[in-house]
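Peer 1: Read off the chains here:
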Amino acid sequence: MSVEPFAPPGVTWSRLSPRLVTVRRAISGVVTGVLAVGLLVAGVLVSPWFHAGAGLVLLSGAWEWWLIGRQVPAWGYAERDDDLLVLHGLLFRTLVVVPYGRMQYVDVKAGPVERRFGIATLQLHTASASTDAVIPGLPPEEAARLRDRLAGRGEARLAGL
Amino acid sequence: MEGPAAGEPAAEPPAAEPALERVDPGSVDPATRQVLADPGWQRLHPVTPLLRGWKTLAVIFAVLVHQNFEHLLEPERPSWQLLAAVGGGIVLLTLLSVVWGVLAWRRTRYRIDAEAVHMESGVLFRQQRRAQLDRLQAVDVVRPLLGRLAGLAELRLEVAGGAGGGVRLAYLKEEEAQRVRNALLAAAAGVRYAEGEEAPEAPERPVVEVPVQRLLLSMLFSGLTVWVLVAVAGAVAAVFADGGVISLAAAAPLVLGALGAAWQRFTHGFGFSVAESPDGLRVRRGLLELRSQTVPPGRVQALRISQPLLWRRPDWWRVHVNVAGYAVGVEAQGEERLVLPVGTREELARVLAVVLPDLGTDEAPIDVVSAGLTGRDRDGGFTPVPPAARWLDPLARRRLGFRVTERAFLSRGGVLRRYLDVVPHERTQSLALQQGPWQRRLGLASVSLHSTPGPVAPQVRHLAAEVAAELLQEQSVRARTARAAAGPERWMERGTVPPARAAAPVPGERTAAPEA
Chain A
50 MSVEPFAPPG
60 VTWSRLSPRL
70 VTVRRAISGV
80 VTGVLAVGLL
90 VAGVLVSPWF
100 HAGAGLVLLS
110 GAWEWWLIGR
120 QVPAWGYAER
130 DDDLLVLHGL
140 LFRTLVVVPY
150 GRMQYVDVKA
160 GPVERRFGIA
170 TLQLHTASAS
180 TDAVIPGLPP
190 EEAARLRDRL
200 AGRGEARLAG
210 L
Chain B
40 MEGPAAGEPA
50 AEPPAAEPAL
60 ERVDPGSVDP
70 ATRQVLADPG
80 WQRLHPVTPL
90 LRGWKTLAVI
100 FAVLVHQNFE
110 HLLEPERPSW
120 QLLAAVGGGI
130 VLLTLLSVVW
140 GVLAWRRTRY
150 RIDAEAVHME
160 SGVLFRQQRR
170 AQLDRLQAVD
180 VVRPLLGRLA
190 GLAELRLEVA
200 GGAGGGVRLA
210 YLKEEEAQRV
220 RNALLAAAAG
230 VRYAEGEEAP
240 EAPERPVVEV
250 PVQRLLLSML
260 FSGLTVWVLV
270 AVAGAVAAVF
280 ADGGVISLAA
290 AAPLVLGALG
300 AAWQRFTHGF
310 GFSVAESPDG
320 LRVRRGLLEL
330 RSQTVPPGRV
340 QALRISQPLL
350 WRRPDWWRVH
360 VNVAGYAVGV
370 EAQGEERLVL
380 PVGTREELAR
390 VLAVVLPDLG
400 TDEAPIDVVS
410 AGLTGRDRDG
420 GFTPVPPAAR
430 WLDPLARRRL
440 GFRVTERAFL
450 SRGGVLRRYL
460 DVVPHERTQS
470 LALQQGPWQR
480 RLGLASVSLH
490 STPGPVAPQV
500 RHLAAEVAAE
510 LLQEQSVRAR
520 TARAAAGPER
530 WMERGTVPPA
540 RAAAPVPGER
550 TAAPEA
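The listed protein sequences correspond, in order, to chains A and B. Be aware that the first sequence starts at 50, since it is given in my numbering, and climbs by one per residue. Be aware that the second sequence starts at 40, since it is given in my numbering, and climbs by one per residue.
Don't read these hints as lab results, they were simulated from the structure. Check before you lean on any hint, since a few could be wrong.
Heads up, incomplete: computed chain B residues facing chain A, CB under 10 Å, no partners named [unchecked claim]:
id, residue
1, V102
2, H105
3, Q340
4, G420
5, A471
6, Q473
7, A484
8, S487
9, L488
10, P492
11, V506
12, A508
13, E509
14, V516
15, A523
Covered by chain B, per the in silico footprint, the following chain A stretches (three or more residues, Cβ under 8 Å) [stated by the list, open to error]:
id, segment
16, 54-66
17, 108-118
18, 147-158
The model shown is predicted, which means the values in this text are computed figures rather than measured ones. For every residue, glycine included, the Cβ atom is placed at its ideal position computed from N, Cα and C.
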């Protein structure tokens with residue numbers, strides 16, 4: 050690992066809100082808990098083998114807990130003069146470059162849990178289905194600011210296909 | 040775009056002009072005034088409900104046969120009451136669908152003016168759709184078998200709107216469909232023609248025709264043959280093993296699937312011809328269902344030239360393209376997006392001259408492309424991937440690589456099945472740099488160029504990490520500059536013939552209105 054291709058010169062990354070860690074851990078925790086309890090009950094009622102399943106579920110839950118804690122800080126975005134950069138992934142790293150002029154629309158979404166914790170998810174769409182530019186865990190004000198800013202820049206640089 | 044028809048009486052669609060905005064005739068050039076002068080709202084052909092009803096019948100029948108396949112194989116089973124009930128059901132359903140079809144037909148109408156195609160449809164949920172003409176990506180005239188018998192055709196307009204986009208006018212009289220297509224293309228191109236004249240059909244120059252013989256041979260020399268043979272052999276073995284009808288029934292879907300795919304490829308490549316016109320690329324093909332596609336210049340988003348292993352000796356090639364707007368899914372994939380099902384290198388050169396007239400190099404496009412198709416390592420000015428990539432792709436390592444010309448990006452790869460992807464710079468949507476754990480260890484990274492949905496997904500795998508990072512930076516700059524210099528959406532308004540590179544965007548011109 051001699052070069053770091055994921056750090057273009059002169060780019061400062063904005064990071065996601067740490068609340069995203071809480072939200073993701075909460076969701077994953079609830080799912081794991083429900084599954085584990087279900088399997089434990091089945092273990093008592095049906096066959097002790099289900100306890101092994103419950104153990105696996107708990108293990109994977111713990112692993113997810115750890116993973117979320119590392120994944121979220123690895124996510125970042127940066128606004129440049131002509132394009133937006135989105136960086137994500139830990140094991141499989143991806144850096145997406147979306148030119149403002151290519152943006153077709155911007156989505157801001159927030160589920161019930163996300164709203165409770167005051168974060169939102171922003172997604173950029175181009176004419177290509179493979180553009181995978183999602184920024185989760187933005188505070189709503191920041192999401193709105195970014196959305197308006199992107200929309201404004203997109204309009205100024207709008208090109209056809 | 041959607042409007043429920045809450046208050047509207049269900050009986051008669053309003054004949055008068057609705058409050059849709061009418062383009063001021065004074066502001067439009069005479070060319071499009073002709074189209075504008077159109078008698079307003081038009082109906083589809085009255086036979087439409089019948090044709091559609093027939094399709095429903097076919098679907099019901101197919102489903103029934105599929106569901107009761109085993110019963111059909113046992114001769115003494117069908118009782119007359121059952122047959123009558125099923126037959127009655129089919130008739131009833133068909134009648135219902137025809138009645139529905141008539142209602143739908145009465146509620147469907149379209150209008151074309153200088154700026155857009157308007158269409159209103161829907162029985163319960165009324166829909167008004169307006170497709171902007173300078174966003175037109177392709178126009179297809181489709182003539183299904185029954186439609187051909189009745190002299191009817193379907194007109195499909197594709198605009199880049201993702202799934203369910205575009206406008207389908209089914210069915211029109213054949214001449215009507217041709218006339219509407221010409222008018223649309225003329226209006227979309229910004230052609231000017233004398234008043235009182237019909238939109239002229241753009242002159243055509245044939246480029247390539249694919250002989251049936253070669254199509255059949257090319258199918259024989261492809262992986263499909265292996266599949267069909269395996270399927271048939273499996274079926275035969277199954278029958279010999281226990282001689283029962285059951286095992287034949289089990290093997291049948293496999294054989295039918297294989298034959299179906301072969302049939303599909305045959306009908307899609309049958310009578311294939313490519314022609315060039317100022318309106319762009321004309322592709323005609325079809326055995327039972329005839330299809331004529333027009334892709335205006337500059338609408339090809341990306342292109343893949345590929346060659347299955349056994350086509351090497353005859354030096355045959357296949358070309359797929361991405362065109363925005365074709366529905367995502369089956370239609371966007373493979374067979375539908377061919378511009379050359381099988382052609383010699385010489386024919387390939389002719390097709391390229393139409394699709395990508397200028398790659399921005401001193402050499403002819405075919406020379407650049409040829410180097411990419413057969414070359415390895417540094418042949419033809421390509422940038423290869425480092426030797427470390429052999430751990431991840433031992434076979435294709437020496438074929439992987441890319442080249443950037445002034446106008447396009449080329450990515451080559453594939454050992455057994457060679458391919459070359461070409462993306463014009465101004466058509467790049469977004470870019471991505473990816474790196475997996477093994478790649479990180481080896482100091483490699485992959486670069487993807489995102490194109491509109493289609494069979495071509497350009498990517499260069501396993502580049503040296505620093506080369507990849509550099510490519511990402513440079514390519515985003517190149518795409519931006521190329522976009523800024525791209526010609527207007529109305530292709531005939533460019534000063535010269537399509538390949539011309541308009542020096543700068545034309546800011547003040549009439550094109551400004553809808554884009555900005």
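Peer 1: Determine for every hint whether it applies to the structure shown.
Peer 2: Tested hints:
1. Checking V102 (chain B) against chain A: minimum C-beta separation of about 31 Å lies over 10 Å; hint violated.
2. Below 10 Å, beta-carbon pairs count as interface contacts, and H105 (chain B) has none with chain A, the closest being about 31 Å; its hint is therefore violated.
3. About 7 Å separates the beta-carbon of Q340 (chain B) from the nearest beta-carbon of chain A, less than 10 Å, and the hint is met.
4. The criterion of a C-beta within 10 Å of any C-beta in chain A is not met by G420 (chain B), whose closest approach is roughly 23 Å, and the hint is violated.
5. The beta carbon of A471 (chain B) is positioned within 10 Å of a beta carbon in chain A (closest approach about 5 Å), and the interface hint is therefore held.
6. For Q473 (chain B), the suggested interface contact is upheld, since its CB lies about 5 Å from the closest CB of chain A, less than 10 Å.
7. The closest approach between the C-beta of A484 (chain B) and any C-beta of chain A is roughly 5 Å, which is under the 10 Å cut-off, so the hint is satisfied.
8. Taking 10 Å as the C-beta cut-off, the interface hint given for S487 (chain B) holds, the closest approach to chain A being about 7 Å.
9. Among the interface hints, the one on L488 (chain B) holds; its C-beta lies about 9 Å from the nearest C-beta in chain A, closer than the 10 Å criterion.
10. Checking P492 (chain B) against chain A: minimum C-beta separation of about 5 Å stays under 10 Å; hint holds.
11. Using the Cβ-Cβ criterion of 10 Å, the hint placing V506 (chain B) at the interface with chain A is satisfied: the shortest such distance is roughly 9 Å.
12. With a cut of 10 Å, the hint placing A508 (chain B) at the interface with chain A holds, because the nearest CB-to-CB distance is about 4 Å.
13. Because the closest C-beta pair between E509 (chain B) and chain A is about 9 Å apart, less than 10 Å, the hint holds.
14. The restraint placing V516 (chain B) at the interface with chain A holds, with a minimum CB-CB distance near 8 Å, inside the 10 Å limit.
15. Because the beta carbon of A523 (chain B) sits about 8 Å from the nearest beta carbon in chain A, less than 10 Å, this interface hint is met.
16. With 3 residues carrying a beta carbon less than 8 Å from a beta carbon of chain B, the segment 54-66 of chain A meets the three-residue requirement, and the given coverage holds.
17. For the segment 108-118 of chain A, the stated coverage by chain B is not satisfied: 0 residues place a CB nearer than 8 Å to a CB of that chain, which falls below the threshold of 3.
18. Given a C-beta distance limit of less than 8 Å, the hint that chain B covers the segment 147-158 of chain A holds, as 4 residues qualify and 3 suffice.
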